[in-house]
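J.: Given these sequences and hints, build the entire structure.
In order, the protein sequence lines correspond to chains A and B. 258 is the number that this note's numbering gives the last residue of the first sequence; the numbers go up by one with no jumps. 258 is the number that this note's numbering gives the last residue of the second sequence; the numbers go up by one with no jumps.
Honestly, I wouldn't trust all of these hints.
As the list claims (entries may be wrong) - Residues on chain A that point at chain B, a partial pick, calculated with CB under 7 Å:
id: 1; residue: Y35
id: 2; residue: A78
id: 3; residue: V97
id: 4; residue: R101
id: 5; residue: V106
id: 6; residue: R141
id: 7; residue: D163
id: 8; residue: N164
id: 9; residue: R208
id: 10; residue: V212
Hints were generated in silico from the structure; no laboratory data involved. Even for Gly, the Cβ is constructed at its ideal location relative to N, Cα and C.
Number of protein chains: 2
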Amino acid sequence: MTTTPDLRTAVGPRGRPQGPDPALARRQSGARAVYELLRGHIIDGTLVPGERLTEPVLAGRLGVSRTPVREALRLLQAEALVVELPTGGVRVAPLDVADARRVYEVRARLEGLLARDACERAWPDDVARLARLVTLMDAVRDHEDEVLRIGAQFHGEIEALADNRWCSALLRQIRGHVDRYRALAARGRVGTTDHVDEHRAVADAVARGDAVAAEAAMITHIDRSAALADQALRAPTDPAVTPTTGAAPTDAATTDES
Amino acid sequence: MTTTPDLRTAVGPRGRPQGPDPALARRQSGARAVYELLRGHIIDGTLVPGERLTEPVLAGRLGVSRTPVREALRLLQAEALVVELPTGGVRVAPLDVADARRVYEVRARLEGLLARDACERAWPDDVARLARLVTLMDAVRDHEDEVLRIGAQFHGEIEALADNRWCSALLRQIRGHVDRYRALAARGRVGTTDHVDEHRAVADAVARGDAVAAEAAMITHIDRSAALADQALRAPTDPAVTPTTGAAPTDAATTDES
DNA sequence: TCGCCCACACCTGTATACAAGTGCGCAGTC
DNA sequence: GACTGCGCACTTGTATACAGGTGTGGGCGA
Numbered sequence: 001m002t003t004t005p006d007l008r009t010a011v012g013p014r015g016r017p018q019g020p021d022p023a024l025a026r027r028q029s030g031a032r033a034v035y036e037l038l039r040g041h042i043i044d045g046t047l048v049p050g051e052r053l054t055e056p057v058l059a060g061r062l063g064v065s066r067t068p069v070r071e072a073l074r075l076l077q078a079e080a081l082v083v084e085l086p087t088g089g090v091r092v093a094p095l096d097v098a099d100a101r102r103v104y105e106v107r108a109r110l111e112g113l114l115a116r117d118a119c120e121r122a123w124p125d126d127v128a129r130l131a132r133l134v135t136l137m138d139a140v141r142d143h144e145d146e147v148l149r150i151g152a153q154f155h156g157e158i159e160a161l162a163d164n165r166w167c168s169a170l171l172r173q174i175r176g177h178v179d180r181y182r183a184l185a186a187r188g189r190v191g192t193t194d195h196v197d198e199h200r201a202v203a204d205a206v207a208r209g210d211a212v213a214a215e216a217a218m219i220t221h222i223d224r225s226a227a228l229a230d231q232a233l234r235a236p237t238d239p240a241v242t243p244t245t246g247a248a249p250t251d252a253a254t255t256d257e258s
Numbered sequence: 001m002t003t004t005p006d007l008r009t010a011v012g013p014r015g016r017p018q019g020p021d022p023a024l025a026r027r028q029s030g031a032r033a034v035y036e037l038l039r040g041h042i043i044d045g046t047l048v049p050g051e052r053l054t055e056p057v058l059a060g061r062l063g064v065s066r067t068p069v070r071e072a073l074r075l076l077q078a079e080a081l082v083v084e085l086p087t088g089g090v091r092v093a094p095l096d097v098a099d100a101r102r103v104y105e106v107r108a109r110l111e112g113l114l115a116r117d118a119c120e121r122a123w124p125d126d127v128a129r130l131a132r133l134v135t136l137m138d139a140v141r142d143h144e145d146e147v148l149r150i151g152a153q154f155h156g157e158i159e160a161l162a163d164n165r166w167c168s169a170l171l172r173q174i175r176g177h178v179d180r181y182r183a184l185a186a187r188g189r190v191g192t193t194d195h196v197d198e199h200r201a202v203a204d205a206v207a208r209g210d211a212v213a214a215e216a217a218m219i220t221h222i223d224r225s226a227a228l229a230d231q232a233l234r235a236p237t238d239p240a241v242t243p244t245t246g247a248a249p250t251d252a253a254t255t256d257e258s
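T.: As structure tokens, this is what we get:
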């Protein structure tokens, strides 16, 4: 591991060639790119939990100066993907399987709140779109990957409907950690039993405009996912660090055994 | 406004004289101190919502270089207390009274989860301590300040019991925003009706070990506080920026109309 | 052979220097 | 008088230089 690719080959010297928004392109440069890269590597396990990250080494490896590296590390620290050492400096946040449950609990509440908010803002065509996703999911219920993909869409739809930036911002942080634990477990082997029904329960509640039920259904759904994930994390292999080679999800709507 | 005191007079040239933990003292230096200072000023309204914050100006005013200022701004940005401008740079996050409700909603769920977790970890003496706080609160129920102070203690106790670092970390971020809205409203004039009973409901649920009830009671409690805060924010004065001169709360357990 | 002490190498934190992009203002012109 | 074009000043982002502190490893002495 720790074979972090050169940043220049990863994002180019000055952002992507086709930046739709110049301001975004500007933000994509340097520090932001380092942040995204490191974040992905922490999530997918390329950077091993507990590993010390030193600024000069990262800077040299990525072909940039310490300044953007430092900034990226601060962002990762704010997100708790790296933890500070008593003497200064940081290391990759350790993975504690027992903590996975906690992460899921928080995620469940935040997504539950999103479902509640979505209830109050959903228009008929939104409801129809959700229902369509559930139908779609039902149609492919034996293909786990497809179920997961549609599930991600479903959650993304709910989040968009809720339009709650506070929830979304916090959720994004939590999602990074959720994705870490998912990468740790054997990919895909989390089971999707009852996924269709659980999503349908949420969709139905939203359709009825029943905010309380929607929130409860979402929490139940994610709690069950948490139980599956917990099982997958404890059962298969030793609890030691087991980085997978799976793709590195980096942003919203990627988290999904949901 | 914008009469930010010199950082050197605020924290001294190299941390406080009596740092109990040298590592902490080290972190307290420079960037961290700038962060805390700016955070406090944003929360208490000294830094006006929407105000542009430029690195050279802040650096000069605080007597440090741009480097620690920059780092502090990044932390504040991660916390959404400042927002980035399209052209780069940041401004103090605008205050939207309609958004206060959203912030409280999130806080309610997080604290609700803390209450739930506290249930599963509370020992008899913990339960007794919570009950004592409720009794104390009841005894001073006519003194709003005292009620708020004890309320803060109560919430701190729950948080400590829950021992859920994920929740606590997210809650800290949310609390900064809650405190901002509280500073915007007339201090103390939020009303504390039924505070005692609401806290008692939480304490009783914890005593019974009824996690579901504890979570629900906490959510109800904070939702009611939210309604009071919302009322205070909309009613008294114009919705324009109205910084108060009240003390600047800077960390956990300071948030309380709870 | 074990323990202690010193010195080095390293790393963080801060300051300063440099380059590039952007917005604003002023002057000139129609 | 209004519009347009140019130029300046400012700001951010990055790189580099410098100082302070810490941990480690080797050497020396008991």
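J.: Evaluate each hint against the coordinates.
T.: Checked hints:
1. Checking Y35 (chain A) against chain B by beta carbon gives a least distance of about 10 Å; that is not within 7 Å, so the hint is violated.
2. A least Cβ separation of about 4 Å between A78 (chain A) and chain B falls short of the 7 Å threshold, and the interface hint therefore holds.
3. The criterion of a C-beta within 7 Å of any C-beta in chain B is not met by V97 (chain A), whose closest approach is roughly 14 Å, and the hint is violated.
4. The restraint placing R101 (chain A) at the interface with chain B is violated, with a minimum CB-CB distance near 10 Å, outside the 7 Å limit.
5. For V106 (chain A), the interface hint holds, the least distance from its beta-carbon to any beta-carbon of chain B being 5 Å, beneath 7 Å.
6. With its C-beta approaching chain B no nearer than about 30 Å, R141 (chain A) sits outside the 7 Å limit, and its interface hint is violated.
7. Contact between D163 (chain A) and chain B, as hinted, is not supported at the beta carbon level, the nearest pair being about 9 Å apart and thus beyond 7 Å.
8. Interface hint status for N164 (chain A): upheld, as the beta-carbon distance to the closest one in chain B is roughly 6 Å, under 7 Å.
9. Given the 7 Å rule on beta carbons, the hint for R208 (chain A) is violated: about 20 Å separates it from the nearest Cβ of chain B.
10. At about 11 Å, the closest approach between the beta carbon of V212 (chain A) and any beta carbon in chain B exceeds 7 Å, and the interface hint on this residue is violated.
Taken one by one, the earlier hints fail for this structure at numbers 1, 3, 4, 6, 7, 9, 10, listed in ascending order.
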